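Chemist: Taking the hints into account, I'd like the entire structure generated from these sequences.
There are 2 protein chains.
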Amino acid sequence: MTDRRAARSEDRTAAIMRAALELARESGYAKLNIEAVAARAGVGKHTVYRRWPSKGLLFLDSLLTVNEPVLDIPDTGDVVADLRRQICAAVDLLGMPPWGPLYRDLVGEAQHDPAVAAGLNERFIRPQTEKTVARLEVAKAQGQLAPDFDLGLGMAILSGPLYFTFLITQEPVTHDYVDRVLDALFAGMRPRH
Amino acid sequence: MTDRRAARSEDRTAAIMRAALELARESGYAKLNIEAVAARAGVGKHTVYRRWPSKGLLFLDSLLTVNEPVLDIPDTGDVVADLRRQICAAVDLLGMPPWGPLYRDLVGEAQHDPAVAAGLNERFIRPQTEKTVARLEVAKAQGQLAPDFDLGLGMAILSGPLYFTFLITQEPVTHDYVDRVLDALFAGMRPRH
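Chains as they are written, first to last, in our numbering: chain A, 1 to 193; chain B, 1 to 193.
Honestly, the hints are just simulated from the structure, not real lab data. Quick caveat, the model's predicted, so the values are computed rather than measured. Careful: at least some of the hints might be erroneous.
Unchecked claim - Some residues of chain A that are not near chain B, with every Cβ distance over 12 Å (derived):
#, residue
1, Asp-11
2, Val-66
3, Cys-88
What the hints assert, rightly or not - Ranges of calculated distance between the beta carbons of each label pair, as one might list FRET restraints:
#, chain 1, residue 1, chain 2, residue 2, range
4, B, Arg-85, A, Arg-12, 19 to 29 Å
5, B, Ala-30, A, Gly-44, 28 to 38 Å
6, A, Asp-183, B, Glu-137, 17 to 27 Å
C-beta atoms are modelled at their ideal positions from N, C-alpha and C, and glycine is treated no differently.
Modeler: Following this line, the structure appears as structure tokens:
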């Protein structure tokens, strides 16, 4: 591609993702469809389908691209504070309207559609897991984590209680709740003698 | 109601729930519908609708009624062993075919349909939470649990990592995985000095 054509293609990609987020926010996930996104972005629907085979993947990609920094975990030297900061950023993005209900719909769709489940894992969960484990490894090397803590569980243990609350009991996930979960996970359920 | 009419009504309820489970197992959750359940059970569809306003609630009720014991947590005096036994029973029931995919579909529907979410909580999650907290309270009184463990998080912390794996990464939830999660939760992430 020439530089100009590459730039046009990038503009088009950005316009499609912007249109997807606008339409999702305006009308909800159930009414989101690729034809309407293409029309709003001023491109043909095949241009959208070529890159995103389903609206679930388009919505997820759009949401994450616009909010990429939410994936990053800082390293200030205090692992609890750093996890807290990143989890609260994710909770602010995904746990509240309008994105909360939209993300909930997407996870719902992942229960029926293996392609959406795979996309969710590839695009969001796996990179997030890698960043979480990398941060936990540093903490372990610095003696801030139990030396036998099972790093392979890091993501499930840290995120699981929040997903349970978000998806199952469907109660609000607040910063205070994040604090309580982190306190309980770091302290452990067993008494310290 | 006379005794005979009450018995007939109980038979009918049992027949409806049996038919719902049979049809769900045969054709999957997507194809389950109340008309077919009524026909299989030999009752009118209004008889089904009167008690279960949606197929989600009928399916959940049927699944739990047939498997009621899975909700119980034993008390042998060893809280980790007791939790392990109950969680493994639930994992055996809900984590494997045919019930695993059916339960996943139900949770997926709870993301779009507040009535299904409410029914899931009322019928399954809340009773399970009460039993879990009651068992943890006994353990706390016996000094088997950290005295400051936040009991209000008991269900989310114990179930969350397993739901995360079941619903999000969609990897198999094995007994070995349950052991690893319980070990990590009881030990805590912070080093013990």
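Chemist: Against each hint, give a clear statement of whether it holds in the structure.
Modeler: Hints and how they fare:
1. Asp-11: 33 Å, holds
2. Val-66: The claim holds: Val-66 of chain A sits with its nearest Cβ about 21 Å from chain B, beyond 12 Å.
3. Cys-88: The assertion about Cys-88 of chain A holds, with a minimum of 17 Å to chain B.
4. B:Arg-85 <-> A:Arg-12: 19 to 29 Å: 56 Å, violated
5. B:Ala-30 <-> A:Gly-44: 28 to 38 Å: This hint holds: roughly 32 Å between Cβ atoms.
6. A:Asp-183 <-> B:Glu-137: 17 to 27 Å: With Cβ atoms ~19 Å apart, the hint holds.
When each numbered hint is compared with the structure, a violation occurs for hint 4 only.
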